[in-house]
Amino acid sequence: MTNRRHFLAGLAAASLAPVRGWASVGAPDYLAAALFPDGSYRLAGLDINGEILFTLPLPARGHAAAAHPYRAQAVAFARRPGTFAVVIDCTTGRETARLEAPKNRHFYGHGVFSANGNKLFTTENNFEAGEGVIGIWDSQSYTRLGEFPSGGVGPHDMRLMPDGQTLVVANGGIETHPDTGRSKLNLPVMRSRLSYLNLSGRVLEQVELPRAMHKNSIRHLCVRRDGLVGFAMQWQGETSQHPPLLGLHRQGDAPHLLSAPVADHSTLQGYAGSIAFAGDGQTVAITCPRGNALHRFTVDDGQLSGVFPLEDVCGLGPGTGGFVYTTGTGLVGRLRNGKAKTFAQPRCQWDNHLIPIRGPA
Amino acid sequence: MRTLALALALILPLHAHAQNHGPILTSTVETHVLPGFAVLSQATEALTQAAQTDCSPGSARLQAAYHTAFDSWISVSHLRFGPTEVQDRAFSLAFWPDTKGFTPKALSGLIASEDASVETPAEFAETSVAGRGFFALEQMLFDPKFTDQGAAPYRCALIQAIATDIDNNAHAIDADWAIYAITLTRPGESGPYRSEDEAMQELYRALTTGLEFTGDTRLGRPMGTFDRPRPNRAEARRSDRSLRHVELSLIALRDLAAHLSADYPGIAADLDAAFAKAIASAQSLDDPALAGVATPQGRFRVEALQQSINDIRAIASAELGPTLGINAGFNSLDGD
Numbered sequence: 001m002t003n004r005r006h007f008l009a010g011l012a013a014a015s016l017a018p019v020r021g022w023a024s025v026g027a028p029d030y031l032a033a034a035l036f037p038d039g040s041y042r043l044a045g046l047d048i049n050g051e052i053l054f055t056l057p058l059p060a061r062g063h064a065a066a067a068h069p070y071r072a073q074a075v076a077f078a079r080r081p082g083t084f085a086v087v088i089d090c091t092t093g094r095e096t097a098r099l100e101a102p103k104n105r106h107f108y109g110h111g112v113f114s115a116n117g118n119k120l121f122t123t124e125n126n127f128e129a130g131e132g133v134i135g136i137w138d139s140q141s142y143t144r145l146g147e148f149p150s151g152g153v154g155p156h157d158m159r160l161m162p163d164g165q166t167l168v169v170a171n172g173g174i175e176t177h178p179d180t181g182r183s184k185l186n187l188p189v190m191r192s193r194l195s196y197l198n199l200s201g202r203v204l205e206q207v208e209l210p211r212a213m214h215k216n217s218i219r220h221l222c223v224r225r226d227g228l229v230g231f232a233m234q235w236q237g238e239t240s241q242h243p244p245l246l247g248l249h250r251q252g253d254a255p256h257l258l259s260a261p262v263a264d265h266s267t268l269q270g271y272a273g274s275i276a277f278a279g280d281g282q283t284v285a286i287t288c289p290r291g292n293a294l295h296r297f298t299v300d301d302g303q304l305s306g307v308f309p310l311e312d313v314c315g316l317g318p319g320t321g322g323f324v325y326t327t328g329t330g331l332v333g334r335l336r337n338g339k340a341k342t343f344a345q346p347r348c349q350w351d352n353h354l355i356p357i358r359g360p361a
Numbered sequence: 001m002r003t004l005a006l007a008l009a010l011i012l013p014l015h016a017h018a019q020n021h022g023p024i025l026t027s028t029v030e031t032h033v034l035p036g037f038a039v040l041s042q043a044t045e046a047l048t049q050a051a052q053t054d055c056s057p058g059s060a061r062l063q064a065a066y067h068t069a070f071d072s073w074i075s076v077s078h079l080r081f082g083p084t085e086v087q088d089r090a091f092s093l094a095f096w097p098d099t100k101g102f103t104p105k106a107l108s109g110l111i112a113s114e115d116a117s118v119e120t121p122a123e124f125a126e127t128s129v130a131g132r133g134f135f136a137l138e139q140m141l142f143d144p145k146f147t148d149q150g151a152a153p154y155r156c157a158l159i160q161a162i163a164t165d166i167d168n169n170a171h172a173i174d175a176d177w178a179i180y181a182i183t184l185t186r187p188g189e190s191g192p193y194r195s196e197d198e199a200m201q202e203l204y205r206a207l208t209t210g211l212e213f214t215g216d217t218r219l220g221r222p223m224g225t226f227d228r229p230r231p232n233r234a235e236a237r238r239s240d241r242s243l244r245h246v247e248l249s250l251i252a253l254r255d256l257a258a259h260l261s262a263d264y265p266g267i268a269a270d271l272d273a274a275f276a277k278a279i280a281s282a283q284s285l286d287d288p289a290l291a292g293v294a295t296p297q298g299r300f301r302v303e304a305l306q307q308s309i310n311d312i313r314a315i316a317s318a319e320l321g322p323t324l325g326i327n328a329g330f331n332s333l334d335g336d
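As given, the protein sequences belong to chains A and B, one line each in that order.
In case it helps, full-length UniProt numbering puts the first sequence at residues 1 to 361.
In case it helps, full-length UniProt numbering puts the second sequence at residues 1 to 336.
These aren't lab readings, by the way, just hints derived from the structure by calculation.
Check before you lean on any hint, since a few could be wrong.
[As the list claims (entries may be wrong)] Not close to chain B: a few residues of chain A, all C-beta gaps over 10 Å, as computed:
1. ASN49
2. ARG79
3. GLY130
4. GLU175
5. GLY237
6. THR320
[Stated by the list, open to error] Pairwise CB distance ranges, derived in the manner of DEER restraints:
7. GLY58(B) to PRO102(A): 40 to 50 Å
8. THR143(A) to HIS171(B): 32 to 42 Å
9. THR209(B) to LYS103(A): 23 to 33 Å
10. ARG225(A) to HIS171(B): 24 to 34 Å
11. ASN20(B) to LYS103(A): 31 to 41 Å
12. ARG225(A) to ALA38(B): 30 to 40 Å
13. ARG225(A) to ASN20(B): 32 to 42 Å
14. PHE226(B) to GLY306(A): 25 to 35 Å
15. THR298(A) to ALA38(B): 46 to 56 Å
We put the beta carbon where it would ideally sit given N, CA and C, even for glycine.
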């Protein structure tokens with residue numbers, strides 16, 4: 001008995017003591033990449049008030065990042081089809097490791113750590129086969145441990161479910177190849193899926209939209225504490241059609257699609273950039289940089305609960321009682337009690353995503 | 001002239017909303033869009049007639065009709081919106097690239113089962129897009145793999161069904177454009193374009209995505225990488241049309257660019273000079289199936305052609321787009 005207690009205490013000390021946590025860098029609440037006025041691409045740590053706590057240089061335009069659950073360490077991904085990701089020690093601002101995609105793979109720009117922080121999972125393209133894979137990396141050495149199929153084509157965003165044992169992957173369905181840049185190669189036959197995989201890569205559940213919506217690319221995700229998944233889509237079909245761009249899904253159920261009435265919804269140009277649940281989990285929102293709007297819905301009844309005009313809005317994360325958003329024009333703002341309020345405007349252009357930093361579970 | 005164009009580009013976005021795009025919209029639709037689809041539907045009618053008269057793959061008349069009709073499609077294939085996109089018509093006319101070999105699979109499947117859908121156009125139109133359109137017809141006419149697969153009468157019926165389906169799609173697009181043209185030239189709250197700016201954006205996007213497709217996909221796919229060129233991935237290589245598609249699309253896009261930049265002579269001149277250079281480069285290549293990408297010298301020449309297309313794209317996005325009040329935005333790139 002004593003042995004076991006000592007062992008556990010020792011384990012806790014070993015995993016926590018030697019690492020400096022996020023507190024040492026001012027306890028940022030979010031990470032976001034941006035283009036700064038001097039022309040540099042940087043990763044920034046923001047607090048819940050939009051204050052920039054630190055910025056660190058990136059070698060190229062960033063897209064999203066993954067925050068380590070304990071260590072003040074972030075992995076910043078290049079915009080697709082990037083072949084590297086940079087591991088940054090946020091206490092020193094130094095690059096501590098660099099992930100190089102293996103031959104015939106490139107990153108899609110998103111990744112997630114395991115609950116204990118020991119492994120990093122990355123969405124990647126096996127472009128010769130035109131199939132998605134999830135890369136597995138050791139988070140001490142950042143060496144590659146292996147990979148498994150993502151369950152579809154073009155995996156983009158990926159999240160860890162609250163059970164810590166399940167990955168949910170947005171397989172966007174769009175095939176691309178580095179030889180042809182960002183050209184979409186398979187639109188007439190594309191099939192987007194939400195895939196649930198266990199950490200060994202076994203497919204637990206595949207969710208597809210009805211056939212008429214096969215060109216609705218599921219690209220970004222958010223997960224509520226109770227396991228409800230929100231997904232944001234980008235429509236690749238006729239521009240005269242305006243299918244929903246937001247879906248909710250619970251494992252084992254059918255997906256639920258939400259959209260604003262047509263007058264508002266049709267201005268979004270078929271494009272949602274980010275999705276998040278509010279801090280209290282009662283509402284869910286998508287940002288729509290082409291339509292210059294943020295749309296918010298009540299989760300329980302799926303009803304629209306607010307349309308907020310915001311130029312080039314894209315980054316979105318949970319905030320106290322609401323949301324925090326960033327825009328390509330530099331705004332950091334808060335959405336609470338039905339009001340969007342700007343509280344900072346640093347001179348930079350915020351990139352697509354605002355990454356919440358999870359505290360220790 | 002260039003300095004003036006750049007100066008205009010810097011000043012004009014502020015006044016973009018005040019621009020009157022009406023005359024440009026009308027001239028683009030009346031002299032670029034509508035005639036293109038009319039020519040296509042005439043050519044596909046000749047194609048289906050040729051297939052009815054003689055369906056043998058070696059028929060000179062059928063092959064000539066195939067080339068003429070395919071030419072007409074490539075010359076409008078950048079107009080990927082409105083009636084062209086309804087019910088996947090554009091993909092049904094041209095399923096390419098075919099990264100996973102769906103076209104030969106679809107054709108072999110139809111032939112092996114002697115699928116009866118070839119007898120009824122409405123049923124054939126419900127079959128996979130991969131087994132229809134110009135690329136399916138190309139394989140039936142030019143790929144030795146299909147010259148003796150299955151029974152000759154069935155192959156004949158399949159060739160005729162593909163030709164009829166192409167013609168039906170081309171006619172449907174042409175007919176619908178007569179109505180759609182009005183929504184594009186006279187935008188309003190009830191239509192797909194609420195303002196002239198939005199209608200201009202659609203045409204501008206057709207220009208930029210057309211250039212992107214020709215540079216990145218038509219050329220980029222066979223180029224592959226220096227260490228691994230992919231000549232077998234060239235578009236319509238079986239009928240030696242790969243380079244021709246590049247040339248025809250550049251000629252069509254040059255005309256569209258001239259319409260869109262008509263009010264800005266400096267930009268119009270810059271674009272036209274860049275197009276002239278790219279078209280001359282394509283015409284001097286003498287490599288119809290782009291097979292030359294497999295050799296270092298051949299690849300360099302194709303690379304130079306691709307670069308000249310990138311130069312046009314740079315002018316379009318740096319000069320024309322901002323002048324027309326079209327801002328790409330920092331965060332709205334597709335797929336991010």
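Consistency of the hints with the structure:
1. ASN49: The assertion about ASN49(A) holds, with a minimum of 22 Å to chain B.
2. ARG79: Check fails; 7 Å does not lie beyond 10 Å.
3. GLY130: With a cut-off of 10 Å, GLY130(A) comes too close to chain B, as the shortest Cβ separation is near 5 Å.
4. GLU175: Violated, since 6 Å does not exceed 10 Å.
5. GLY237: violated, 8 Å
6. THR320: About 25 Å separates THR320(A) from the closest Cβ of chain B, which puts it past 10 Å; holds.
7. GLY58(B) to PRO102(A): 40 to 50 Å: With a Cβ separation near 48 Å, GLY58(B) and PRO102(A) satisfy 40 to 50 Å, so the hint holds.
8. THR143(A) to HIS171(B): 32 to 42 Å: violated, 60 Å
9. THR209(B) to LYS103(A): 23 to 33 Å: Hint holds: Cβ distance 31 Å, inside 23 to 33 Å.
10. ARG225(A) to HIS171(B): 24 to 34 Å: Violated, since ARG225(A) and HIS171(B) (Cβ atoms, about 56 Å apart) do not stay within the stated range.
11. ASN20(B) to LYS103(A): 31 to 41 Å: violated, 54 Å
12. ARG225(A) to ALA38(B): 30 to 40 Å: violated, 60 Å
13. ARG225(A) to ASN20(B): 32 to 42 Å: Violated: the Cβ-Cβ distance is about 55 Å, outside 32 to 42 Å.
14. PHE226(B) to GLY306(A): 25 to 35 Å: violated, 52 Å
15. THR298(A) to ALA38(B): 46 to 56 Å: With a Cβ separation near 51 Å, THR298(A) and ALA38(B) satisfy 46 to 56 Å, so the hint holds.
Figure legend: structure checked against the earlier numbered hints; hints not met, in rising order: 2, 3, 4, 5, 8, 10, 11, 12, 13, 14.
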